[in-house]
Every structure is written in C-alpha cells, then in structure tokens.
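This is what each chain is made of:
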Amino acid sequence: MTNNLRVKSSKFIDETYKISFKFNGTTYYGYKGDTLASALLASGIHLVGRSFKYHRPRGIMTAGSEEPNAIVQLHINTSRTEPNVRATEIEIYEGLEASSQNCWPSVNFDIGGINNFLSPILPAGFYYKTFMWPASFWEKYEYFIRKSAGLGRSPIEPDPDIYEHRYIHCDVLVIGAGISGIIAAKTAAKNGFKTLLIDEKSYLGGSTIYQNSEHFKINNQISSSWLEKEINEIKKIKNLEIKTRTSVAAFHGYNFLLARENLTDHLPLNQRNNKIRQRLLKIRSKKVINATGSLERPLIFDNNDRPGILLSSAIDKYSNFYGVACGEKNVLFTNNDSAYETAINLNQKGIKVEAVIDNREEVDSKLIKEVENNNIRVYKGYTVVNTSGYKRIKKVSIMKLSLDGQKIIGSKIYINCDCLGISGGWTPAVHLFTQSGGKLKFREEDQVFIPNKSFSDQISIGSCNGDFTLDEILSSVPKILKEFLNIKKSDFENLEVHSSFNKSKRNIWLLPSDKVIGKTKPFVDYQNDATAKDIKLALREGFRSIEHVKRYTTTGMGTDQGKLGNMHALGIISETAGSKMGELGTTTFRPPYTPLTFGTIVGRNVGKYFDIFRKTPIHDWHVENNAEFENVGQWKRAWYYPKNQENMHDAVQRESKAARDGAGILDASTLGKIDIQGTDASEFLNRVYTNAWSKLAIGKCRYGLMLNEDGMVYDDGVTTRLDENHYIMTTTTGGAATVLGKLEDYLQTEWPELDVYLTSVTDHYATISVCGPDSKKIISKVIPDLDLSNKSFPHMSFKNSKIDKIKCRVMRISFTGEHSYEINIQANYGKSVWQRCMEMGKEFNITPYGTETMHLLRAEKGFIIVGQDTDATMTPIDLQMDWIVSKKKYDFIGKRSLYRSDTIKENRKQLIGLLTENPDEVLEEGAQIVADINKSPVEMLGHVTSSYYSPNLKKSIALGVVRGGKSMIGQKLIIPMENKQINVTVADPVFLDKENKRLNA
Amino acid sequence: MFLIDCPYCGEREQSEFKAGGEAHIVRPKQPTELSDDEWAEYLFMRKNIKGIQFERWIHIHGCRKWFNVARDTSNDVIKVVYKMGEKPPTI
Chain C
1 MTNNLRVKSS KFIDETYKIS FKFNGTTYYG YKGDTLASAL LASGIHLVGR SFKYHRPRGI
61 MTAGSEEPNA IVQLHINTSR TEPNVRATEI EIYEGLEASS QNCWPSVNFD IGGINNFLSP
121 ILPAGFYYKT FMWPASFWEK YEYFIRKSAG LGRSPIEPDP DIYEHRYIHC DVLVIGAGIS
181 GIIAAKTAAK NGFKTLLIDE KSYLGGSTIY QNSEHFKINN QISSSWLEKE INEIKKIKNL
241 EIKTRTSVAA FHGYNFLLAR ENLTDHLPLN QRNNKIRQRL LKIRSKKVIN ATGSLERPLI
301 FDNNDRPGIL LSSAIDKYSN FYGVACGEKN VLFTNNDSAY ETAINLNQKG IKVEAVIDNR
361 EEVDSKLIKE VENNNIRVYK GYTVVNTSGY KRIKKVSIMK LSLDGQKIIG SKIYINCDCL
421 GISGGWTPAV HLFTQSGGKL KFREEDQVFI PNKSFSDQIS IGSCNGDFTL DEILSSVPKI
481 LKEFLNIKKS DFENLEVHSS FNKSKRNIWL LPSDKVIGKT KPFVDYQNDA TAKDIKLALR
541 EGFRSIEHVK RYTTTGMGTD QGKLGNMHAL GIISETAGSK MGELGTTTFR PPYTPLTFGT
601 IVGRNVGKYF DIFRKTPIHD WHVENNAEFE NVGQWKRAWY YPKNQENMHD AVQRESKAAR
661 DGAGILDAST LGKIDIQGTD ASEFLNRVYT NAWSKLAIGK CRYGLMLNED GMVYDDGVTT
721 RLDENHYIMT TTTGGAATVL GKLEDYLQTE WPELDVYLTS VTDHYATISV CGPDSKKIIS
781 KVIPDLDLSN KSFPHMSFKN SKIDKIKCRV MRISFTGEHS YEINIQANYG KSVWQRCMEM
841 GKEFNITPYG TETMHLLRAE KGFIIVGQDT DATMTPIDLQ MDWIVSKKKY DFIGKRSLYR
901 SDTIKENRKQ LIGLLTENPD EVLEEGAQIV ADINKSPVEM LGHVTSSYYS PNLKKSIALG
961 VVRGGKSMIG QKLIIPMENK QINVTVADPV FLDKENKRLN A
Chain L
1 MFLIDCPYCG EREQSEFKAG GEAHIVRPKQ PTELSDDEWA EYLFMRKNIK GIQFERWIHI
61 HGCRKWFNVA RDTSNDVIKV VYKMGEKPPT I
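As they're listed, the protein sequences go chains C and L.
If you're matching positions, the first sequence starts at 1 in this note's numbering and goes up one per residue.
If you're matching positions, the second sequence starts at 1 in this note's numbering and goes up one per residue.
If you're looking for bench data, these hints aren't it; they were derived computationally from the structure.
Misleading hints may appear alongside valid ones.
To be verified - Derived coverage of chain L by chain C (criterion: at least 3 residues anywhere in the stretch with Cβ under 8 Å from a Cβ of chain C; other residues may be distant): (1) 15-27; (2) 37-46; (3) 49-55; (4) 61-74.
Glycine residues also receive a C-beta, built at the ideal position from the N, C-alpha and C atoms.
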C-alpha cells in the first residue's frame, strides 16, 4: 500500500502546515485541518480498534460524531488522558498521542480476538444466563467480569485543565450550521432577533460546503459556492453570534439547552496552559430552530463491520473535504442515489471505483447514468451477501435479490476491493427534538421518523425534518421560517434550484443472505457487537418492548448510543414481530448527544468550590487553634481540638471532662435563628410546637418540639420571649432552612389571618456557649455589669446586656446539663468576644470543645439530637417525651396523628438507654439490637443511635431505639457484631444528674 | 428546567423555587373531630394525575412567597400561576 493517499489539494486543509502525531506509538504526519481519522486514512490506516465483545478488528466508519468504531484513548498514562474519543472528531495538533482501546497486547494482535470464534456460545444475554448459578459464585465471577467490562481507561490523576459554565440568553437559537441552519440564522438575525448559531464542527456549512458537483446548483452556482457567500455575509451580522466546535448536549423543556464549547482541544499542548478547555453553555432561548441534519444509515448484511467498510457519505467527505482516498479499489453498495454522488466525486479525483451495487432495480436517475457513462459497472437489484478480509476488507460477494427483497437468487459474484462504501439512506437527527419532549411520526414512504408535535417554541428544518434533497430543503425551509418567526418575507424564496437526485429508495432492514441467520454476523450496533441475530433471539425469548430488547441485547447502549444502527434494530423488531414501526415507537433519546467530560459538567466547582460551605464568625479562631471540622448541613463546625498529637477519642475525653469539671466553650453560631414578631406570635408558637406558649413570661426561654403533621418529630430548639410580641426561635443547625419554609407555609397558606412575621437571623448573630461549674465566674468577668444571681437570672431566662458598648443577649440555657450561658452578639464581634471569654476563662482552664464533645455531654443527659436519635418515624411519645405534649391545647401541628391506630401501638420503637456488660466496651452507632439470636430469622428489635465512652461516668453509654423499649428497663439484650456478641442492659436514657442539680450549681 | 412566573417577582428559573405538592388541600379546622380514615385522607391521599394538576410552589430563593400553579404533568407546560387563596382556574 502506498503511504500517501492524498489525492487532491483541498481548501479546507493547509498543506503548508505539517503536523506530527503518534498513533499506537508510531509517528505519522497530517496537515492542519485534518482529523485524526483523515490523517490515519491518508497514511493507509483503517484498523484503529477492537470491538467490545468479540474483539473484532474495526476501522473508521464515519466522518462525524456518530462514529461507533474509531474511538481512541488520548494521552494514555498522563493526567490529560481521555477514553472513548472519536477519531473522526479530533482535530490533530502537534503532540497528539492516541492509542487503540479494548485490545491486548496490540490492536494488530489481540488475545481477546478469541471471543470472535467463541461467539456461538456468547449470544445476547450470555452474562445474565451464565453467571446466575450458583448464586454464591457471583463474587468469583464478578472479579473477571469487571476486568473485561468498560471501554478505555479513566484518568487517575487530577484533571489539570480549567472548565467553566456560562449562561446565554437569546431570541433564536439555531442548532446546526448546514445549509438550513445558515438560512435560518440569517433570516432570524436580519429580522432583528438576537440569534445564536451553533455547530459541533470547526467550520460552517455542513455537508453542502464541500459539495462541488454540477448536479446541485443554486441560482446557477455550484451549491458550495453559493453557500460560501452566504456564510461570509452572516459573519458580518452584529446580532448573530456564531459558535463552532460547540455540541448541543441536551435540550430540556422550556427551551433550556446545554452545549459544550470546545476551546483548546485543537491546539498544540504547549499552547493550552491557563486557557479554559471546555465551557458548558446554559442556553435559554425564546425560540429554537433545529437544523441538526441527518445521519447516513448503514446496511445490515453478514460481516458488515470490517475495517475498510465506511458510510458512503464518509468516503465522499474524506475525498472532498480532506483530499484523502479511503481506498484504491472502491466498491459502493446502496439502496438510494447518495452513493452515486460519491462515485462521481471519486471518479473525478481519479480514485478507482470498481462497482456500484444497488439493491434497487432500474431507476431513472441522471446520477446513475453519469456513473455508467464513466464505465463503472452498476449491479442493479443486487445485494452484498458477505465480505472477507480480517484486518481490512479484501472482497465482497454479491447476489441477485428476489423481487420481494426477502431472498437471494442466482449465483455469487466476487469483487475485489479495499474499501466498501455503504449507504442505506438517511435518518433525520431527531435526538434533540425528542429530548425536549417532542413526539415523532413515522413516514411510511421512506421509512423515517420525523418530528411531529412539540410543546415548546421550536421547529425542525432541513434534513432533520425529513427534507433530504437540496430542492426540498430550499423550497420548505423559507416557508417554515416565515411562519415560525412570524415574518412577511424571506430572502430565500424563489431561489432557482437544480438537483439531479432521484428520491427513490429500497429499504430492506436486514438484507437476505445465502446462509441461515445463525451462521451470520450482520452487525446492527457496531460498538456493542449486537447483531440482527441477537435481536431475533431476544424476540424469540419473549421480549416485546423495544426498551427491553435494547437492554437485553445492548443495542444502542454504547458511547455512540447507536446513532447508526438503532433504526435497523427497530426495523428488524417490527418485521420479525409483525408490528408497525409507527406503533412500535423508538427507544428514548437521552442527553448528552455526544459524551461530555466530567470537567465540563462540574465547571469551576472543583476542590474547595465543589460544595460551598458556611463559616461561623469565629471560624478563623478554630482554624488557628488546630480544630478538626465536620460538615453539618452546609456549615463547617469545629468537631474537636486535638492537642499534642491527640487522636479524636483522647481529645473528646479531655474536652468532655473539662466541661464538667471546670468550663467549656462552644461555638453555637450555626444554630438556626428565626426572629418572630407580631401580635399573634404566641398563638402561632402554640400551633407549631407541641407544648403551651401563651403563658411564657417575657424574658423566659422554653424548649419546644416541632412535629410534622404526621406526628413525627421534625425539629427542636429553645425559643425565648424577648417582648410581648417578639420571640427568637432557635432550630437545629441542619433544619434551619426547612423549618423556616415550613413555618412560612402554614402562615401563608393555612393561617393567613395571623399577624406574624418571620425573619431568618442565623447569620446576624454569633452564639457563644460557656458551660461548666466555673461558667458563672467567667461570664461575670466578661460582662461585669450583669447580675448573674440565680434569683435574678435563673435557668431558662434571658437578659439584654452590653459588652463594652455592644448590645448582646445572654440566655441561661443548657444542652450539656451544666450551668451555662449563651452569649448572642452581632456576628462581626463574635471572634473578639470569644477571645475575651478564653482570656477571662484562662484561670479556670476554659476548654474549647467541638460538636463531638457536645454530643457526648448531651448523651450523658439523655438529650436527643433530631436526625440522629430520631429518623422521621419517632413521635414524642416514642422518645419518652410525653411531658412536652400539651394535653390541654385543642390543636397543634401533628396532634391528631399522635392517636392514629399506628402511633398508639405499644410495641413501636422507643428511645431507651443501653449499658454494656463490659463498661469499657463502646457500641457501634447503627448496630442492630436483638433479644434472641438462636431463633432464625433473628428478629431485629432496634438499633443503637448514639454511643460514647463517658469520661465523667467512667463507662460506656448509648442511646438506642428498641421495639417496646419503654417497658424493658433492666432487661438484657444482645448486639451481634461481625465476630462477637455484646451483652447490654436496657436503661433509663438519662445517665447523669437526673435531678438537674448541676444546672443550678 | 421550568421558567416560573412568580406572581410577585416575575419570570424566574426553576432552581429558585421549591415544589410543595398538590394545592387546595385545606387543613381541617378541627382535626380532633375526625376519624382515622378522614385524617388519613387529608394527610396521605394525593391525586397524582396525568394532565392539568394544581400544585403549590414557593419562591424559596426569592420572595419566599407561596403560590399556586396549574401545570400539565404530561409535558410540564405551566398554564396559569395564581396567588394563595384564589380559586383554581377552569382549564
């Protein structure tokens, strides 16, 4: 084979700009403008990969984003590596390194190729059927299946590139810059619409732009020349933005679209630094015009997948656009006129066409006549029955078709070739249209699905609307645009169009063979190796829904989503099952149209920006003092403060002991704070909390429990009455936003008559909690003017005060069971007040503690944490908190549900304490609790919800929920672990200071 | 993503809103008078129809106001947006 298959200079290729690249380790050359595929073809290389299941040699099949076979790995073993990239889309650049996938040790000699010979025992559903038995063997099978699963290798290093997201708003979005898209964009922009034109390719003009045939003319100019002038004109229009190398990935409802703009992938590696690689465009357009074109269909016959078999339109593009001959002895196989355009083009460039095989009988077509006049043999009414050549096609065998197209007759004719172009007609690219919720209809005469109804303001034009030929496009597009854009006239009406294309087509979904189907391999989905045989097997085994057949055979489930063969799969199903295509429908087209990188999807939201977090005003102090943090909702909360290489356990033990023996200090700023004002504020609280609020005196605090209407505990916290009609409510850290939403819901929808106003003030205040026997001494130093006597400032009350000149609110409330104070001060003073507390508390060994110690201390007191000890199935009664449920109130949220038949059951899971037989044994949170492990199946009674080692009690303590637990105090239960059983005794959930002496100490 | 025409702020993107389920389910004035079945009807039973559904939305990242929406659940087209307390439109 010669090494240069460049046949003719092309204006799209810059032959003065030579580029070297590596494929499978060997250096090759191409020119600026080449894709990896065209550069490889120019070097005579067709074999680029191996198929997924049978490891069959595969070559380049298309010249676009629909490519199923020629998918490669870029820059293997580097941080920039990317799998499954279509060689037909990669524009070559200096330094490009690509390698074949799914083959070992090499694409030329692949051990996995043995699967091809094992194929009779690897039918559809092979894995489902084989690896089911015995069930216990699954883990062994899985190891091997996982090894052979997946295509390509994912990068293991962080992505070095930068990505971003951008919003675009426009009046009209035109998707696709082929001839229809160019006409649409110009029409819209000229009529004053803010227009955006997008195309996935690097150039404008679609397939018309390299169409140089005398057979297709507009206003007496060759179609490409006419279009080129239009393109030059639209580039000057101010309210028209054009984006190339941009692929629309998704078309959602309300004309919301996502597109990926490729900015640097075509640049040499050394020119990419610090540039944005890809951009995700989030587009809102008032109107959308789909001009997405159509995809050429392959033909389905035995061994239709060999390297050297391409779509006829791809051969056409390689020769016309890239100036590359795909082969030196070409054969074309078609069911329509398209392949004759290819034949004429090749012939003009001096590329040998051995024959055209047409499954149609005599057709009156100017194109056919010209081909015949050039002494190219045309076999009419013939079909290809087989091909040969392992790594490159060598020969096709053809036979005459019967009149009904179902059988072959006569004897075989062999034709030598090194390239076979196939054309099965055209399929409108309706992917985006259907993604947006549009419905399709089936057009019987040429067997295509075309757009029908849509609920959004959009239209499909050109070949994606089923108008395939130049004359059809130019007569329909201006009319459709006029109506869609509501304009009076179009520049594109009354064009003089000349097209020699004869529209007849002989559609046969599965071409007949001289062999029984079981002995053939007519590929429908090339990437996933699904054949017509597999589809028929699925139907024989009882699958009827196309969605099921798809999943069973994996047809259309590759990275190309079956852009080429899905229609044939539907056709074969409909023929075999005897159903109509229109009634059968299609499988669901899902975004993205072509694969997106994860980088594009996340954009700038990586590293510390992956999930934004909230910091308290005291955050910096925690960082400076070595705190470890935990995430609570979106907050970063200090978890514990390790000293001198302490581990978490030691730090928490130290902090917990200090808080009970001297003083501890906690940053509680994250608790939700809702300011409640209005003349009906008391009544409102009465309705949302389970306990009574009307009689709460001004200056007093009260703990409240909030339920859902279903009676389950939803949130808790302390609310303080600041004034007659003014309260401040605290919520859990994680529940703040949902509690506010829920309260607003009732206020606005159920009780609009109440005079109540809610304001979130969580971020406005820093909250510092000082607890422990020495807390009073410390606060008296921090706020000397404040009377801290029990009489003036008892537990559960509040006082307004000042630190220096700054107003603050001090609450005497406690979540640890210790005497404690909570200072609430304007957020920006939080850190300095915290530091003052630390300074004043130094002599008392004041110890900062984090959330873990807070959890431990409250567990000693048996205080619940909503969300840890409750899980939306716990009523207050289940929590043994009957005392907080008012019997007198007529109604509150959730009240009625507390005596539904289910909630009054005695054996509901109830909160209890657990003490281990061995006081040093700490239970695992989440561990299951059982009574009898000998009876099978073992009955699960409940689980451990909180568990700690208490340094103050010097033993392990735990809270848990156990079915009927309330009446089980003193009873022994078992916690079975993986390699031991732990014996526990059910106890009262309050482990420390049940009399609350410490609160007033 | 929908565009929702908040009756207080105008047209905004769906990400600013939160759905609140079926509309026009009034909380009983006297829950304690209801049987278990009647209470369960209020608490749990929802229509979930294909077609025009009246539902509640809140402009949670905006004005924080609740309002009603008539949406065709088969194609997500929002036909009417109206304020709390207003009667459902006939569609």
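Hints the structure violates: just list their numbers, smallest first.
Of the numbered hints, just 3 does not hold.
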